[in-house]
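Participant: Listed here are the chains, written in short residue letters.
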Amino acid sequence: MSGSFHRTNNNVISLYWICQLTGWGTVSLYWAYTVYTRDNYGLFFTLLNYVLDIAIGVTLTHLYRYVAKRLNWNTLNLGSLAVRIIPSIILLAVAYMLLANLKWHYYWTIIGNKDFIFWQSLITWDPVLITGLRLMAIWILAYHLYHYHLNSLETTRQNAELLVVAKQAQLDNLATQLNPHFLFNSLNSIKSLIIENPNMARRAVDLLSDILRTSLYEKDAPFITIKEELILVKDYIELEKIRFEERLNVSVDLDPDLENCLILPLSIQLLVENGIKHGIDKRVDGGRLTLSIAQKSASIEIIVQNPGKILTYNSEAGIGLKNLTKRLELHYPDQASFELLNTDNDQVKATLIIPIRKQ
Amino acid sequence: MNTYKTIIIDDERLAREEVKRALSNYPEYIIAGEAANAYDAVALIEKELPDLIFLDIQMPEKTGFDLLEELTVVPKVVFTTAYNQYAVKAFEVNALDYLVKPLREERFAVTIEKIKAEFAKIEARKKPLPMHYKIFIKDGEQCYFVPLKEIRLIQSMDNYVRFFFGDHKAMIKGR
Numbered sequence: 296m297s298g299s300f301h302r303t304n305n306n307v308i309s310l311y312w313i314c315q316l317t318g319w320g321t322v323s324l325y326w327a328y329t330v331y332t333r334d335n336y337g338l339f340f341t342l343l344n345y346v347l348d349i350a351i352g353v354t355l356t357h358l359y360r361y362v363a364k365r366l367n368w369n370t371l372n373l374g375s376l377a378v379r380i381i382p383s384i385i386l387l388a389v390a391y392m393l394l395a396n397l398k399w400h401y402y403w404t405i406i407g408n409k410d411f412i413f414w415q416s417l418i419t420w421d422p423v424l425i426t427g428l429r430l431m432a433i434w435i436l437a438y439h440l441y442h443y444h445l446n447s448l449e450t451t452r453q454n455a456e457l458l459v460v461a462k463q464a465q466l467d468n469l470a471t472q473l474n475p476h477f478l479f480n481s482l483n484s485i486k487s488l489i490i491e492n493p494n495m496a497r498r499a500v501d502l503l504s505d506i507l508r509t510s511l512y513e514k515d516a517p518f519i520t521i522k523e524e525l526i527l528v529k530d531y532i533e534l535e536k537i538r539f540e541e542r543l544n545v546s547v548d549l550d551p552d553l554e555n556c557l558i559l560p561l562s563i564q565l566l567v568e569n570g571i572k573h574g575i576d577k578r579v580d581g582g583r584l585t586l587s588i589a590q591k592s593a594s595i596e597i598i599v600q601n602p603g604k605i606l607t608y609n610s611e612a613g614i615g616l617k618n619l620t621k622r623l624e625l626h627y628p629d630q631a632s633f634e635l636l637n638t639d640n641d642q643v644k645a646t647l648i649i650p651i652r653k654q
Numbered sequence: 113m114n115t116y117k118t119i120i121i122d123d124e125r126l127a128r129e130e131v132k133r134a135l136s137n138y139p140e141y142i143i144a145g146e147a148a149n150a151y152d153a154v155a156l157i158e159k160e161l162p163d164l165i166f167l168d169i170q171m172p173e174k175t176g177f178d179l180l181e182e183l184t185v186v187p188k189v190v191f192t193t194a195y196n197q198y199a200v201k202a203f204e205v206n207a208l209d210y211l212v213k214p215l216r217e218e219r220f221a222v223t224i225e226k227i228k229a230e231f232a233k234i235e236a237r238k239k240p241l242p243m244h245y246k247i248f249i250k251d252g253e254q255c256y257f258v259p260l261k262e263i264r265l266i267q268s269m270d271n272y273v274r275f276f277f278g279d280h281k282a283m284i285k286g287r
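Listed in order, the protein sequences are those of chains A and B. Per the numbering used here, residue 296 is the first one in the first sequence, and the count goes up by one each step. Per the numbering used here, residue 113 is the first one in the second sequence, and the count goes up by one each step.
Here chain B stands alone, though its shape is the one from the complex:
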């Protein structure tokens, strides 16, 4: 089972407890810490590098949005708030989901599905392609459809990448 480091941020302890309780049904989410304000939260996130945070918006001195702006590495974010007027802004900062308090169990299950789907996408990107897969290479007018196992060498040349396979070599522009 993949586990995900999770941090809960809310200025009210009872509200944090509620998120914890909702999460307790999903053992793959390991709670790595909790914070009651944006200052503590930034330090905690930079230290723990969590996969996921549950974030209240209206907090003293700095809001949840302010907090996100300060992070260098931003984890996946689920907003939890009693203020439903922030939903639009929340999705503007690429939140995975936006939950209103009190959290309903069945609504929370939907959030978990979204989180799972998001992490599945990330996992899929990490997995290497099987060797029998073919990749498409286009070098100028010349196109190749090359099985991965035939590639002998990949050479980096400034902005370009050169593939060696069979009797061919093909150059493509790297990103």
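Same shape as in the complex, but just chain A:
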């Protein structure tokens, strides 16, 4: 944000001066013409008058710009901007009137040898004050409109960027959820089984289909029962057992009273999947994964334990677990906890505690 503002500033600084000089240059042409033809200023004083007119306009408005920039008026909303603009216009118009009259007074008293009273000259408001009001209003409105336009361009650009970032995150997430390694390895096993054990191959296709269906379509529901989640988890385990064969052993221990309790969909699945992918699959001899779901006072305690060691969060497991913690915080603020630990004898223990909610 600050970077892009900076860039804009560098480009616009010359544009600002071009506008200032051509703007005031053009407006002052009118008075130059008037004083030359009507008041017979002569060429030198007409030019001097022209330059002074430009100088007055540029100085006052530049002063305004300086203040507006210092006070960040361009970031204000319309209401608070209007409250500042209107007095500013009046103030600037008065200043304009004083300066223009000062110039006029000295011309006529010194060059024109007339006898004007100083303070009366200064406050001759008609038509100088009106002109000042008109000019300052135009200038300030143009200035703020231009910045409003720049701001809205910048906002649009930022919004577009945010949208792209969000979409990318969504896509990355989807790719992880689909778990291509699991998918291709499973397909490869199935291909092999088609010759070796057609019935098991058919079974594996059924399991894989249901797993894909669940992970593609059914994660929109905020809660599902433990019973429903375990159908998916068991399918997943059965399919992985086809791949891992004797390297993978699983035991599931569920308190039957909890079957109809509600949990976040794919939460147990994530823990089991991580246990297999980052634990069992990393060991030559594989091992046993235990899943236990038990009641602990008013909470459900879900524990997944498997051989392995958490070294650091690797990015893939990281995304899944980060999502899970985020979802826990969202659905059970301060009532749920998740913990992943290395325990003795080279085991990893994931503990998820959530409040009991019945269907």
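In short, the hints are calculated from the structure, not lab data. Remember, it's a predicted structure, so these values are computed and weren't measured experimentally. Here a beta-carbon is modelled for each residue, glycine too, at the ideal position from N, C-alpha and C. One or more of the hints may lead you astray.
[What the hints assert, rightly or not] DMTMM-like, lysine to aspartate or glutamate: derived pairs with alpha carbons at most 20 Å apart: (1) B/132 <-> A/491; (2) B/174 <-> A/641; (3) A/486 <-> B/129; (4) B/174 <-> A/491.
[Claimed, not checked] Beta-carbon label-pair distances, calculated as ranges: (5) A/533 <-> B/117: 35 to 41 Å; (6) B/117 <-> A/624: 56 to 62 Å; (7) B/173 <-> A/453: 44 to 50 Å; (8) A/541 <-> B/143: 19 to 25 Å; (9) B/173 <-> A/546: 20 to 26 Å; (10) A/654 <-> B/181: 51 to 57 Å.
With chain A held as given, fit chain B onto it using these hints.
Facilitator: This is chain B only, laid out in the frame that chain A set:
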């Protein structure tokens, strides 16, 4: 028919079966063994000295790349993996080919062609040159184009080799 000793390394038995099945169409590749992890694989390769291995990358505890680093004699390697992000690294370690699982038959045929071409090159290097071939010898400024059958003696002298042919002898720097 030349035959080539082949070893298959993959932590999943079903995946090994798939490689075996793909290879069964090419009888010149004799499967000398299979291994389910890098430890067994190293022992098997050191014992059998195969010409060719089919190697999975992501295996428990040690990857296929780790395995290659441990070998003293490295056979020709074809990687088989479900992970396509390793392709670049695979060719950095001079793999003959990089196959993604499941293996497609026509893709596997391409691999076999690459293997054949590689072995043909090795065979060509082993074959002696026919006697009527000439070799080029440059000794300092003096150049010779000598038919092999005229070389009487090749003498090794420290870093140099001396050729005796006709009335000449020429010395070149050995490698």
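Participant: For residue 173 of chain B and residue 453 of chain A, compare the CB-CB distance with the range 44 to 50 Å and indicate the outcome.
Facilitator: Given range 44 to 50 Å: holds, Cβ gap about 47 Å.
Participant: Between residue 174 of chain B and residue 641 of chain A, is the straight-line Cα distance small enough, at 20 Å or below?
Facilitator: 18 Å, holds
Participant: Please test the hint of 20 to 26 Å on the beta carbon pair from residue 173 of chain B and residue 546 of chain A.
Facilitator: 24 Å, holds
Participant: Is 35 to 41 Å respected by the C-beta to C-beta distance linking residue 533 of chain A and residue 117 of chain B?
Facilitator: About 37 Å separates the Cβ atoms of residue 533 of chain A and residue 117 of chain B, which means 35 to 41 Å holds.
Participant: Holds or violated: 56 to 62 Å for the Cβ distance of residue 117 of chain B and residue 624 of chain A?
Facilitator: With a Cβ separation near 58 Å, residue 117 of chain B and residue 624 of chain A satisfy 56 to 62 Å, so the hint holds.
Participant: Could you tell me whether the CB distance from residue 541 of chain A to residue 143 of chain B stays inside 19 to 25 Å?
Facilitator: At 22 Å between Cβs, range holds.
Participant: Keeping to a limit of 20 Å between CA atoms, is the pair of residue 174 of chain B and residue 491 of chain A held or broken?
Facilitator: Violated. Residue 174 of chain B to residue 491 of chain A sits at ~28 Å, over the 20 Å cutoff.
Participant: Given the range 51 to 57 Å, decide if the beta-carbon distance of residue 654 of chain A to residue 181 of chain B lies inside it.
Facilitator: 55 Å, holds
Participant: Residue 132 of chain B and residue 491 of chain A: Cα distance at most 20 Å?
Facilitator: 13 Å, holds
Participant: Hinted pair, alpha-carbon criterion (20 Å max): residue 486 of chain A, residue 129 of chain B. Please report holds or violated.
Facilitator: 10 Å, holds
Of the hints listed earlier, the one the structure fails to meet is number 4.
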